[in-house]
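These protein sequence lines map, in sequence, to chains A and B. First residue of the first sequence? That's 2 in our numbering, and the numbers climb one at a time after it. First residue of the second sequence? That's 67 in our numbering, and the numbers climb one at a time after it.
Derived by calculation from the structure, the hints in this document are not laboratory data. This one's a predicted model, so the numbers in the text were calculated from it and none came from an experiment. Idealized CB from N, CA, C, for every residue including glycine. There's no promise every hint is true.
What the hints assert, rightly or not - Result set (DSBU-like, lysine-lysine): computed pairs, CA atoms no more than 35 Å apart in a straight line:
hint	chain 1	residue 1	chain 2	residue 2
1	A	Lys176	B	Lys121
2	B	Lys180	B	Lys149
3	B	Lys288	A	Lys228
4	B	Lys331	B	Lys121
5	A	Lys267	B	Lys431
6	B	Lys288	B	Lys369
7	B	Lys430	A	Lys267
8	A	Lys153	A	Lys116
9	B	Lys288	A	Lys183
10	A	Lys199	B	Lys418
11	B	Lys180	B	Lys431
12	A	Lys56	A	Lys199
13	A	Lys56	A	Lys183
14	A	Lys228	B	Lys328
15	B	Lys418	A	Lys305
16	A	Lys142	B	Lys149
17	B	Lys121	B	Lys249
18	B	Lys369	A	Lys262
19	B	Lys367	B	Lys249
20	A	Lys185	B	Lys431
Claimed, not checked - Residues from chain B shown here face chain A by an in silico Cβ test under 7 Å; the list is partial:
hint	residue
21	Gly291
22	Glu292
23	Phe392
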Amino acid sequence: MRYACLRVGRRYAFLELVMDYLYFPGCTLYTKAKNFDQTARNCSLLLGFELKELKNWTCCGATFPLATDNIMALLPPSRILATAREEGTVLTTLCAVCFNVIKRTNRLIQGDGEKRDKINNFIEKNYQGDLQILHYLEILKQDIGFPQLREKVKKPLEGLLAAPYYGCMLLRPFKEMGFDDKEKPTLFEEFLEALGAKAIEFPYKIECCGSFQSVGSPDVATECAYKILGSAIQNGAEAMVSTCPMCTFNIDHKQSDIKQKHLDFKPIPVFYFTQLLGIAMGLDYRTLGFEQNAVDPLPLLSEKGFL
Amino acid sequence: MLVVSKEWSESRQTEVSNSHNGFIKKAMVIGGGIAGISASIDLGNGGYEVVLVEKLPSIGGRMLQLSETFPTLDCAQCTLTPKTVETGQHPLIKLLTYSEVDRVEGRAGDFRVKIRRKAAYVDWEKCTGCGLCQQKCPSKNPSEFDRAMGLEKAIYTLSPQAVPNKPVINPNHCRYFQEQKCKVCQKICPVGAIDYEQQDRFVEERVGAIVTAVGFDLIPVKSFGEYGYGEVPDVIDGLAFERLNSASGPTTGEIRRPSDGKIPKEVVFIQCTGSRDPERYMPYCSRVCCMYTGKHARLYKHKVHDGQAYIFYMDIRSTGKGYEEFIQQGMEEEGILYLRGRVSRIFRERDKVIVWGVDTLTGKKVEVSADMVVLATAMIPQKDTKELAGKLGIKADEYGFLTEAQRKLRPVETDIEGIFIAGCAQGPKDIADAVAHANAAASKVQGLFAKH
């Protein structure tokens with residue numbers, strides 16, 4: 002039997018661990034999205050599993066190549082997959098972009114024998130594409146179960162109107178990702194309801210956040226973010242919930258830019274879903290890394306009485 | 067119409083049953099839409115007895131739901147009603163409505179068809195069709211005939227001009243069947259025709275040939291995630307728009323949108339919804355959508371003069387006599403805005419329906435803040451067509467459309483002698499083509515009968 006020790010509320014708790022998941026954090030989760038990584042790890046301990054970090058991981062490649070014969074761009078995710086297979090059969094990620102790149106590469110290796118051989122020759126491994134790639138949310142749904150999660154919630158987020166923002170990377174391309182319903186996913190909503198919050202339905206929930214446009218043409222990305230946030234706010238959202246550091250950068254950190262352009266815009270906090278999970282599971286808010294959120298969520302949380 | 071006395075008809079009947087070498091010169095038509103009606107009238111006028119089997123309480127089919135028809139814009143009911151009445155009064159046509167084919171045995175010249183006559187809970191022999199029961203029935207429910215936009219009583223006929231004009235009770239909606247009380251219709255009926263104890267019964271018909279004209283359905287709006295899974299109330303399908311536009315429809319012919327009854331000032335029509343999309347829906351072209359969408363937009367402009375109609379299309383397939391002229395007139399004279407491109411998403415924002423599309427001719431993204439959207443959804447076979455094909459021993463294709471014996475030269479025959487197909491059961495068709503197809507099937511039957 003293995004145990005973990007974690008500070009919950011004012012006390013330290015010993016938590017029994019039932020299983021491990023091999024975990025690929027990705028670069029952003031060690032820098033800009035540390036709060037995402039840390040809260041996910043702590044929450045998993047509370048839920049009885051540990052995120053076991055993959056050894057010697059590298060960048061996932063950040064984008065899945067658009068050109069089908071671009072083997073070079075497939076090598077980093079392939080190497081990650083091959084190493085992971087040596088350690089286990091399931092690989093989990095948090096960042097939606099990493100999830101997208103790794104899952105699609107895995108599928109390609111699985112289905113395309115010629116590419117598989119070529120890639121294996123390059124990376125000097127023999128990986129057959131037999132890993133299962135799961136997103137953290139999928140683990141919560143399939144392995145933990147939302148009804149069980151609801152039972153474990155210590156501090157239900159009652160009265161919080163949260164807009165679940167999927168972005169594109171979790172879902173698209175639909176055929177390859179197979180994450181949830183392609184046009185109207187509900188997994189994220191189910192998760193929020195399990196925590197006791199009210200999920201706000203808004204039409205932009207699967208629209209693109211502007212992605213890397215925020216580097217080359219920041220105006221485009223700002224406009225995308227304004228539309229997404231505006232639509233959520235109009236539908237009654239008090240906060241946004243994200244699964245992706247890239248989206249979070251665009252819809253959270255860009256809010257100051259939006260405010261300069263659109264004077265009537267009123268910023269709302271953007272959470273990583275694991276931060277909300279942490280609050281609901283009773284973790285001390287000081288351990289949830291809110292100092293990394295661009296729009297300070299503490300006023301909203303204290304107003305709602307979650308602190 | 068062929069005028070024959072009752073006596074003649076009866077003598078003819080004996081003559082038929084004593085037909086040559088046991089070859090029965092009597093036909094069955096399955097499906098009472100425009101194709102089935104046309105085939106029945108042809109056969110009846112040819113002097114042969116016909117049994118017309120229809121699963122709904124009255125005949126007329128899809129055409130009865132339409133408002134006006136292209137390219138002449140004449141009223142569908144005005145052109146159809148004489149036909150339904152003729153069918154109903156024809157001495158040689160026997161109507162078995164509210165009935166379904168249960169089993170088929172035998173071969174050309176001697177088919178034995180077992181037919182299930184569904185319990186109407188009304189004794190049609192006694193019923194005079196006065197309509198009192200429908201007036202007094204307290205149970206109102208969304209009407210399937212009006213595409214769930216109008217209300218229908220639990221005891222109902224499909225339309226005021228229904229043939230036969232006899233009501234049926236829907237036990238799922240009837241208070242007596244659900245709660246064991248009410249019985250208003252029984253109390254009010256002046257001839258005591260209501261019979262709650264009625265059961266389905268089976269009758270057998272012996273016929274020499276069968277024409278299958280079971281028609282089509284539309285792919286449900288809720289199949290389209292990108293268009294809101296049918297959850298946006300002001301996104302409707304083409305048949306629903308026909309009902310809105312029809313004088314006998316839920317709005318008595320005024321164009322009012324379902325959500326709040328307002329007159330829509332901007333309407334977006336989307337062609338090829340579910341058609342010509344091999345990856346996700348139906349790979350085939352439904353053939354009528356280009357024309358009826360053009361018609362819808364024009365009818366809309368005739369009723370809402372200051373309204374704007376947008377049509378998103380892939381290309382216009384107006385291959386029929388007078389069809390292209392009809393479309394051109396809509397574009398040039400009625401100010402309908404045709405946009406070549408697809409729509410990627412529809413959602414509701416406050417009381418508007420937002421449509422995101424693209425105009426591929428200018429290469430620009432288009433966003434329309436519309437009041438209503440009409441989807442020209444793909445034609446699909448009726449859902450039990452494959453099952454019926456199994457009973458008849460004929461083939462159906464992967465979608466469920468019935469397969470003809472030979473694509474070009476034998477378009478109405480099937481692999482089984484004596485069984486013919488007509489209308490949209492074989493594939494998407496407009497009214498003119500369906501009628502021509504039915505006429506062909508009827509003439510094939512007459513040819514077969516004449517040979518023996």
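Hints that the structure is at odds with (numbers, increasing): 1, 4, 8, 11, 12, 16, 18, 19 and 23
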